[in-house]
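Trainee: Listed below are the residues making up each chain.
2 protein chains.
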Amino acid sequence: MKATAKAHTNIALIKYWGKRDESIILPTNSSLSLTLDGFYTTTTVAFQEDLSKDSFILNDQSVEGEAYQRVTNFLDKIRNLSGKTNLYAEVSSINEVPTAAGFASSASGFAALASAGTRAIGVDLSDEELSRLTRQGSGSACRSIYGGFVEWEMGSRTDGKDSQAVQIKPETHWDVRVAAVVLSSTMKKISSRAGMKRTVETSPFYTGWLDSIPNDMKEIKSAIRDKDFEKLGTVAESNCLKMHATTLGANPPFTYWHDTTLRVMHTVQEMRANGIPAYFTIDAGPNVKVLYLPENEDRVKEKLQEIPGVDRVTLSKPGPGVTYL
Amino acid sequence: MKATAKAHTNIALIKYWGKRDESIILPTNSSLSLTLDGFYTTTTVAFQEDLSKDSFILNDQSVEGEAYQRVTNFLDKIRNLSGKTNLYAEVSSINEVPTAAGFASSASGFAALASAGTRAIGVDLSDEELSRLTRQGSGSACRSIYGGFVEWEMGSRTDGKDSQAVQIKPETHWDVRVAAVVLSSTMKKISSRAGMKRTVETSPFYTGWLDSIPNDMKEIKSAIRDKDFEKLGTVAESNCLKMHATTLGANPPFTYWHDTTLRVMHTVQEMRANGIPAYFTIDAGPNVKVLYLPENEDRVKEKLQEIPGVDRVTLSKPGPGVTYL
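Chain order of the listed sequences is A and B. The C-terminal position of the first sequence is numbered 325 in my numbering, with every residue numbered one higher than the one before it. The C-terminal position of the second sequence is numbered 325 in my numbering, with every residue numbered one higher than the one before it.
A few of these clues could be false.
Intra- or inter-copy, both count: the list cannot distinguish identical chains.
To be verified - When the alpha-carbon atoms are kept at most 27 Å apart in a straight line, the in silico BS3-like pairs for lysine-lysine are as follows:
hint, residue 1, residue 2
1, K19, K84
2, K189, K317
3, K77, K53
4, K197, K231
5, K231, K189
6, K84, K301
7, K317, K301
8, K317, K169
9, K53, K227
10, K84, K169
11, K169, K197
12, K221, K19
13, K161, K221
If you're looking for bench data, these hints aren't it; they were derived computationally from the structure.
Please put together the full structure from these sequences, using the hints given.
Mentor: Structural data, given as structure tokens:
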């Protein structure tokens with residue numbers, strides 16, 4: 001009745017940006033990510049018969065309020081799957097992901113919770129089934145079930161049975177690295193949930209965004225198959241810029257970018273002009289992630305650390321899928 | 001055979017961003033601007049019978065190359081209108097507009113050239129006719145024929161006979177001020193001509209941009225009629241953000257923003273949060289223009305000058321239309 005799972009966060013190269021169903025979290029477009037080995041959550045779930053409610057401890061602190069509610073609501077789904085609706089759980093998580101800074105801590109968090117929770121209660125799911133369950137806790141978390149490059153297929157059904165993650169594998173391992181550039185001032189004002197909702201509902205650019213996804217997805221999958229780094233980076237950077245463009249058309253308009261965000265973007269483009277292949281992507285926050293190849297690691301790290309307003313640069317390799325401890 | 005005209009530049013509050021006809025410059029959307037009294041061009045045109053070609057002196061320096069070609073091509077249009085195709089002209093301009101920095105020096109330049117040129121050669125045009133002629137030199141220049149708030153009606157004809165500027169007047173004078181915030185590093189990499197062309201041809205957001213214009217135009221004209229500064233500023237700021245969003249979707253993507261651009265934008269939004277009504281707009285370059293009311297001039301100027309990376313702040317009142325000296 002107790003299990004521990006470790007899941008890594010992922011960085012989207014084709015962004016998830018909008019829901020067609022808020023309750024079971026169905027996206028308006030397919031997305032694609034790289035799981036990162038540098039950022040992860042380790043979660044233990046212990047179901048017990050003598051508890052009157054769930055408890056949730058995050059980094060040794062008891063959690064209440066909205067975050068607690070999301071966890072206990074998700075545990076309800078696991079209880080329903082198993083038929084053991086009379087059990088409550090002690091959930092304990094250690095989060096190695098900076099929160100509220102544009103890093104998807106909810107991705108590794110819900111992937112670890114779903115994995116540990118189902119194993120603890122004795123429900124045996126395939127990876128695809130596990131990804132569909134995880135999706136209902138946090139959309140992008142469904143991609144963290146797998147390592148490496150992962151596509152979240154949007155699906156077309158209203159019940160979500162075809163909205164799941166699958167791995168996209170080059171023939172041999174491809175060591176694409178990611179530098180996570182954390183800015184000194186990083187609290188975001190608009191959550192990704194609220195930002196995507198406002199954008200879907202009000203931005204005149206949302207249709208153009210959706211129309212551009214199938215081609216981006218086709219291109220990036222061919223880049224992964226061919227291990228074509230320039231193509232991978234070009235598509236990822238352009239897709240990120242399109243996602244952020246949609247927010248500028250929202251009503252009221254908003255942006256996740258700080259001045260330092262733009263400085264990092266320009267520095268990456270300058271690196272390319274100077275012969276270092278590097279590409280940026282940015283989630284719903286001010287921080288920047290930079291894609292590069294291992295042979296350029298030292299130069300990329302040095303250039304990024306020199307930028308005024310950058311607090312730290314953390315390097316990451318491709319990470320594995322969920323593991324059980 | 002000689003005349004001197006002074007024309008002021010204008011700042012677009014609803015942006016001109018795309019051509020449907022490159023040769024006689026017909027826009028894909030109507031636009032609206034405020035003529036500024038701080039930035040202007042004074043041009044003297046002298047037609048003579050004993051010249052073998054046109055000459056163009058800008059700020060006491062002889063101009064050759066592409067800029068010369070645009071002037072002499074425009075003089076051809078004036079010669080054709082008058083029937084006096086055997087005359088050449090000495091053109092001499094003094095430009096009080098920083099060039100290549102997102103300020104439309106071509107706007108005041110072509111408005112002054114069209115006005116002085118037609119008067120020198122003896123062609124008598126109404127303001128609307130003059131604006132249609134000016135449009136063919138530089139699109140946004142057609143709005144500089146008039147003072148205050150000016151709409152460039154896009155028209156629907158293929159010959160451009162209904163694509164002209166008209167004045168939009170509140171019942172009494174409305175003193176809306178503009179602070180031009182010039183950044184320390186200001187050379188832009190992509191001209192507005194090239195930028196709008198690439199955007200029209202490749203951005204998936206261009207349709208959304210066009211679809212949003214009629215409502216923006218309706219709202220801003222009602223704001224001018226009612227002298228509703230908050231509404232004017234809100235529409236202008238949102239329209240500017242939409243224009244800049246379209247460039248992020250272009251292939252390849254680009255932005256005119258520097259890190260300091262974003263810092264100025266955030267400072268303006270902070271001013272509003274602190275009760276000072278101020279709104280930004282940005283043309284095809286990194287500089288920012290800030291709309292404010294006279295009673296807040298000192299505080300707005302002080303706040304903007306304090307921003308690191310800002311070189312200077314120049315204040316301007318609404319400017320007049322073309323005058324003859």
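Trainee: None of the hints should be skipped; say for each whether it holds.
Mentor: Results for each hint:
no. : hint         : verdict
1   : K19 to K84   : neither (30 Å within a copy, 65 Å between copies)
2   : K189 to K317 : neither (29 Å within a copy, 35 Å between copies)
3   : K77 to K53   : within (15 Å within a copy, 83 Å between copies)
4   : K197 to K231 : between (30 Å within a copy, 24 Å between copies)
5   : K231 to K189 : between (33 Å within a copy, 24 Å between copies)
6   : K84 to K301  : neither (50 Å within a copy, 66 Å between copies)
7   : K317 to K301 : within (14 Å within a copy, 48 Å between copies)
8   : K317 to K169 : within (16 Å within a copy, 61 Å between copies)
9   : K53 to K227  : neither (49 Å within a copy, 59 Å between copies)
10  : K84 to K169  : neither (37 Å within a copy, 72 Å between copies)
11  : K169 to K197 : neither (32 Å within a copy, 38 Å between copies)
12  : K221 to K19  : within (23 Å within a copy, 35 Å between copies)
13  : K161 to K221 : within (23 Å within a copy, 50 Å between copies)
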